[in-house]
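Chain by chain, the residues run as shown.
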Amino acid sequence: MPKNDLVIRVAGEAGEGVLSTGQLLVQGAARAGYRVLTDFSPPAEIKGGYSFFQIRIGSRLFYSRGDSVDLLLAFNREAYDLSSGDLTEGGLLIYDPAEVSPPASPTRTQYPVPLSEIARTQLKFELGKNVVAVGVLAALFGMPEEYLRKLLEQRFGGRGPDILNKNLGALEAGLRYVREHIINQPGFRRELFEVERSPADGRRIVVSGNQAASLGALTAGVQFFAGYPITPASDIMEFLAAELPKVGGAVIQAEDEIASMNMVLGASFAGKRAMTSTSGPGVSLMVEALGLASMAELPCVLVDCQRAGPSTGMPTRHEQGDLWLAAFGGHGEIQRIVLAPTSVEDCYYQIQHAFNLADKYQLPVILLLDTVLSVRTESIPRPDPQRIPRWSRLLYQEPNGQGVPPHEGIFLRYQLTDSGISPMSIPGQRGGQYVATGLEHNEEGRPRYDAETKTRFTEKRFKKLAAAPQDAPEPDFYGDASAEIGIITWGSTAGAVREAIERAAEEGIRVAGIAPKMLWPVPDAQLRPFLEGKREVMVAEVNYNGQFARILEAHWGRPLRHVNAYAGEPFKVRDLLAAIRTAARAGAVAR
Amino acid sequence: MPKNDLVIRVAGEAGEGVLSTGQLLVQGAARAGYRVLTDFSPPAEIKGGYSFFQIRIGSRLFYSRGDSVDLLLAFNREAYDLSSGDLTEGGLLIYDPAEVSPPASPTRTQYPVPLSEIARTQLKFELGKNVVAVGVLAALFGMPEEYLRKLLEQRFGGRGPDILNKNLGALEAGLRYVREHIINQPGFRRELFEVERSPADGRRIVVSGNQAASLGALTAGVQFFAGYPITPASDIMEFLAAELPKVGGAVIQAEDEIASMNMVLGASFAGKRAMTSTSGPGVSLMVEALGLASMAELPCVLVDCQRAGPSTGMPTRHEQGDLWLAAFGGHGEIQRIVLAPTSVEDCYYQIQHAFNLADKYQLPVILLLDTVLSVRTESIPRPDPQRIPRWSRLLYQEPNGQGVPPHEGIFLRYQLTDSGISPMSIPGQRGGQYVATGLEHNEEGRPRYDAETKTRFTEKRFKKLAAAPQDAPEPDFYGDASAEIGIITWGSTAGAVREAIERAAEEGIRVAGIAPKMLWPVPDAQLRPFLEGKREVMVAEVNYNGQFARILEAHWGRPLRHVNAYAGEPFKVRDLLAAIRTAARAGAVAR
Amino acid sequence: MADTATLQYTVDDYKSSEKPTWCPGCGDFGVLNALYHAMREKNYNPKDVVLVSGIGCSSRLPFFVATYGFHGVHGRAMPIATGVKVARPDLHVLVLGGDGDAFAIGGGHFMHAARRNLNVTYVIMDNQTYGLTKGQASPTAQRGYVHKAAPQGTLEEPVNPLLLAMACGASFVARGFSGQPKDLAQLILAGIEHQGLAIIDTYSPCPTFNKVNTFKTYREEVAPLPADHDPTNFEAALKIAASSMPRYLGVIYRREGPSYEQLLEQRKTGTEADLPRLLDSLFDRFS
Amino acid sequence: MADTATLQYTVDDYKSSEKPTWCPGCGDFGVLNALYHAMREKNYNPKDVVLVSGIGCSSRLPFFVATYGFHGVHGRAMPIATGVKVARPDLHVLVLGGDGDAFAIGGGHFMHAARRNLNVTYVIMDNQTYGLTKGQASPTAQRGYVHKAAPQGTLEEPVNPLLLAMACGASFVARGFSGQPKDLAQLILAGIEHQGLAIIDTYSPCPTFNKVNTFKTYREEVAPLPADHDPTNFEAALKIAASSMPRYLGVIYRREGPSYEQLLEQRKTGTEADLPRLLDSLFDRFS
Ligand SMILES: Cc1ncc(C[n+]2csc(CCOP(=O)(O)OP(=O)(O)O)c2C)c(N)n1
Ligand SMILES: Cc1ncc(C[n+]2csc(CCOP(=O)(O)OP(=O)(O)O)c2C)c(N)n1
Ligand code: SF4
Ligand code: SF4
Ligand SMILES: [Mg+2]
Ligand SMILES: [Mg+2]
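Chains as they are written, first to last, in my numbering: chain X, 92 to 682; chain C, 92 to 682; chain V, 52 to 338; chain L, 52 to 338.
FYI, nobody ran anything at the bench for these hints, they're computed from the structure.
The structure presented is a predicted model; accordingly, all values stated were derived computationally and were not measured.
Each hint should be verified, as a subset may be incorrect.
As the list claims (entries may be wrong) - Straight-line alpha carbon distances no greater than 27 Å define the calculated DSSO-like cross-link-like pairs of lysine-lysine that follow:
1) L:K319 / C:K337
2) X:K663 / C:K337
3) V:K185 / X:K337
To be verified - Partial chain C-side listing against chain L, Cβ under 10 Å, derived:
4) V297
5) A361
6) G519
Where is the CB? At the ideal position from N, CA and C, for every residue including glycine.
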């Protein structure tokens, strides 16, 4: 019986086609109806160095990249050295014998495939090596060839019949090699690697988290983007640079992150939905401008594609280490909302919530992605642009007719209201003139330093923040809500937690999971019921301090169990499972 | 019987001499043996606008500026309007009849003193008005004149006999006016305003918190300062600009705060004790460089003279709103120590601890002052430069003799040790070559991104932070340690808390107080014993969120009572007292 | 904007009810006045104008004007103005602020604003000091300027705003003086009419803290441009810009060409109405 | 430094055991080599040299050298170097990094470094792109340069590093090319020997991402300075600096004068040993 879950890794020298091999395979597989979730581990340096692309493929939904590898294709020796340890017991190793000669091992099956030889000698098409590799893998897990042929036709058709035919030939060579030298071998257990598809629904797309967030931003009506390149956020800017002009918007590559954020505030003041994206170092530089947004009550959205820190840290590695900065980084007492999507699909929707919340509450919203979410591609249902209605700002209504003073003196931009939310005018509106300022100010926006102003306007601003959780997007719930063991998590870690909970259930351990999307302010009404009846509550996140855990501990005044990883990599499902087992055993003892 | 505690306020137009009147009086009074504590409320704008200088004077030690005013000198109408409400019942109002004609009131005594008239007509010395005012006040509270004469001689003696005589004449005119028109009036109760001195110990100095911190930095051996002007921190830079060259050091006024902090890191790397000072907006801009200091393990000291935020906020007003930023502001997982002195004298000593801790643990130390501490002057015991021994960095020892490779390849700048602290080389040391970097790195300081490096070096850095509380400076303790009600506080709020506890004791309510100097990491060994036997623990601070309270709540996993003020002003003792009374009543009911 | 066609604004229409907080004798009063007059000349409807500033005495200016305004954080006026203008090319955007704001903390943005060339007018109120923080040296302070943070005088070469602007590719570079408010109004007007970033470095003395560069000294040191100066000649302009004395007033350099937001507009191939179609085609591309 | 007197260093003494991580064909190799040779010429003891950089491909350079180094954060190399040099004037300080580091995020610091004039050598490895982040336009990228963040080509005027440096008052302004490593070594040497900030903008192509400014195009476009060029003539130098083609190589401008840290040293009136006395006198002043 074919499997419903297979983890494939293509490993080799960066630039040698690891990425393009993986991407071709994934897009073909997604069209064929497989569910796919991928991860890409780029090299530490621009060129050269070990890199891999991992594909989890099958008929069920996946939430993490998989702890270990069922099928490894090693392009070279370093790839073999660094990746073979991740092979599952009984896994399959494919290697290029021109590059590496791995010893036989009882714990795996292995076959040489002379990839470079085939490309160079047989095809006379050295660049075709990656397409040969695609054919090899496709044949191994049993993917219908026509999807790949079609894909190659779309991709290379425009470049003339010669190039297309060469690529089709390379694919064919890969497929044939496997049929003739591997599948027909005695002892090769095809069923271990053949993967079943889910009913093809034809309505899925394959995108990364950054792409999903960019699509979501477009859907939300973003009209202005300013940013500065930084790993792993740059491709959001690059995506929007190509697409925003098509809907009348503009992208500016600014001189730095300070400029980016201030440009965004200018555009927001001028009435547009505006955003930036960056990673930790950029956020550190933006906190002053974010404080201005809190004080001047300007909506804006900042996407932080978190990477491993502190400082320049490890730009291509994973960490969820910016939560405290996002929530608390700023002098004085700032107001911000922090959201975190849990999957690639969720990126598309959460960024729309981010824009809505920013506009409703007139403050900055920080959307925390993380390296895993930003770079991994997934096959997801075709997004629904109608699902999340657009909220508009509470706008000042221009008076009708004549007789209106042509200048200011009357508009109360920061009017004290029950909700703390004041109507906002935008330049060009008659009678709405005011000066946005980072100074403490009265209802008219004029600088005032008396004790009463300071007290009342601090309360006004915090009233908005206190109300925000009522609009918190729905959390994800996993597992058995009535279980005694609970796990709270956030961001991409939610995927691994979900799988760990499912695996625990198979072992008979009942666990409940929750992944709120709003991390700050704490969505108490969503989270508090989760605590009820729980003997043990863990908080799982990829950082050292337990940043979300401590926020919750302060919020509830009760200790929680911290479960952390800080190796620059996502959680392994097995490590989470181990934590769950420990909790379950402790419970058994206690009884 | 003369009083041991009198609050005098000089109020008027800024620039009109409010500050110089106050300062003259204070320096004279301190020399005469009075204890003084002052506060200055500058105008909102550069010139013009209401401003006051408040002096608390007597024979006992003071810890706050006093909630209400016993003796008000109003230079003009606005000063009268805005200050007279702060007069105590039965207080004394002195006003210039040329400027304002206050109605008689049963709740106060009042006398006109034609200050400008005396200066202009009688003395023909308009600028002398402030000195006349000094004479008036001195006569009222019974200060021996000779101290003021001596002071004027020192100050004006160098400018020729004419100027000196004019000033002496102005002083005399003020003294005389009070003797002839106020003190001799029937019904004037001199004993209400006469203040007793403490035995003159001749070893006191009068300085502001910023001056004390600057003196402390000099004592600590600071050799490099870079900064950018900002209220209320600029005078630290200005003080050091004048003094550092005298001990071979240098001050750079940088182009911005980002440059300042990076310059400090360069100087520290080069082996010097280096610091900067700024206020909230500057700290926001420095967090990226502070992250670099955490990662590269470079000692440095940042003095944050907190002011009211967020954003530009109220630059001349008071708040303790930067604690979260100081402790958590930075992307990724940073390591910093946060200290806060509680009094002007404490500024002198805590900054020395800051340098010691920075050098010992090789990380940034942020010293949180606040507007009240920065600007208020106090008479304090002459500082003892020997009290706090200087700790040096754990230095690499250059090998003796020859035979040492002239270049690197061996020095382990980030050697993994039990304590997490590695020997540090400084440029010029033979064989100590390494590259300081914000990238994750191995023991040699070379960039490495593997999981093991990341895990072990994250733990290394946090090991240092975890150890730091063992070197936490002693907290202040107030009141009755065995009381059931406890107050935790920090920074200048400690003064008001201390007085509130003393007043509560007079009412028979027993309260214990503690003000730790190390705020982050939490000095658990100091604070946890304080919780024992407490029925109610409050945390008092001048901010909205209860920033320290939440840190403690997360740390202990237990709720605490937040007591906050956020009006841009220091706590009033009476408001703290009210909170104490409430706690006491709740206890009484509970019983 | 129908209502503007018939209306003729007066200077008072541009005054807000907030009274200037500057010291008596501050140069910024003259700049404010010149600005009122320039706007009146253009007969701008106050609702269509945005004044952007940073932090400093001079940067308080927007509060005293009845238009929209954005009083940002220190040094970031130009980026904010960039966001406003790119988002809404229909608005009239002026930036006003101090020399510290422009060249110290904001120095990096100044450079990039000049190369970007948005259609914005930037009036720098240059008092060669940090007024608001009580007189420390700004980047334009003269060498040897004595202040509390440099009691023996500042050591750095002063920044030359005109030369700097030209080196960064600015398309309009001028110098004004608050002591000649009528000329200044004309200069601001010329800047507004220039299609691109107009940089007007304007001497605006701080009598409270800068005792060496005063109305008096400026009056002695300024001079009109040589009669034959051709502001469209880059090399000649460079020479004038590089010279230190006399302090020439007027338009030193100007160059025609499209502004940044015009170039951006040209690249737009659709409007917000095209969003559903765009999304569909993108989803197709990814499937 | 007794041991240096007798020692003659070889180029290998300056190489660290860390192998360069640059792409094959990257211009930065040539700069690194030129640097090794310049240091060897000076016979610097590696222990007395500090190389400071920011973030970027080029900024990795210090790791490949056996001296002390400080690989800071993006754009802040000059402030870090300022701290090092002011704290320790005895050290030899060089700054090395990219055009993005120098002129984009670091643009403000560049300007102030030039006016401050520390005795530091700044080699900008100018590939007219952001190499490390995969080829977006840097401030020196030419107009129309196509990259992912500007698929229709960049709109801004490029920064001219030489003109900018001169406008900011730099005392030594030069241009080098990684394709002429011997000349470059001599240029770095001249920069080191200059008393003050030496700015050496150095073409260092990025073959991986910048396909329009390559070793080939540079070779065609560079030219030695006119034989009669007098680098001490400011106006002549300004003209050369302002010209865009050919791309002149060599020392465009130099001016003598004290460096910033020399001026600071002159103002020092005591040493650390004077601290007790200073404290006493200060305490007296405040009592
Ligand atoms: C980030 C930050 N740093 C420092 C300050 C303090 N500050 C306010 S205005 C100013 C300089 C003002 O100089 P300038 O821009 O020339 O304006 P002027 O007051 O002279 O008109 C400074 C340093 C601040 N508000 N924010
Ligand atoms: C604050 C911050 N913003 C952005 C980045 C991402 N980043 C790293 S290097 C770089 C630009 C590199 O360009 P350049 O300085 O010219 O160096 P090159 O790689 O071309 O040698 C950028 C944008 C960062 N590391 N830190
Ligand atoms: S301090 Fe100077 S710049 Fe500021 S308002 Fe006063 S005179 Fe003007
Ligand atoms: S990307 Fe460009 S600059 Fe970076 S190492 Fe490769 S060739 Fe050099
Ligand atoms: Mg100024
Ligand atoms: Mg570059």
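To see whether the hints hold, each was checked on the structure:
| no. | hint | in the structure |
| --- | --- | --- |
| 1 | L:K319 / C:K337 | 6 Å, holds |
| 2 | X:K663 / C:K337 | 59 Å, violated |
| 3 | V:K185 / X:K337 | 50 Å, violated |
| 4 | V297 | 6 Å, holds |
| 5 | A361 | 4 Å, holds |
| 6 | G519 | 6 Å, holds |
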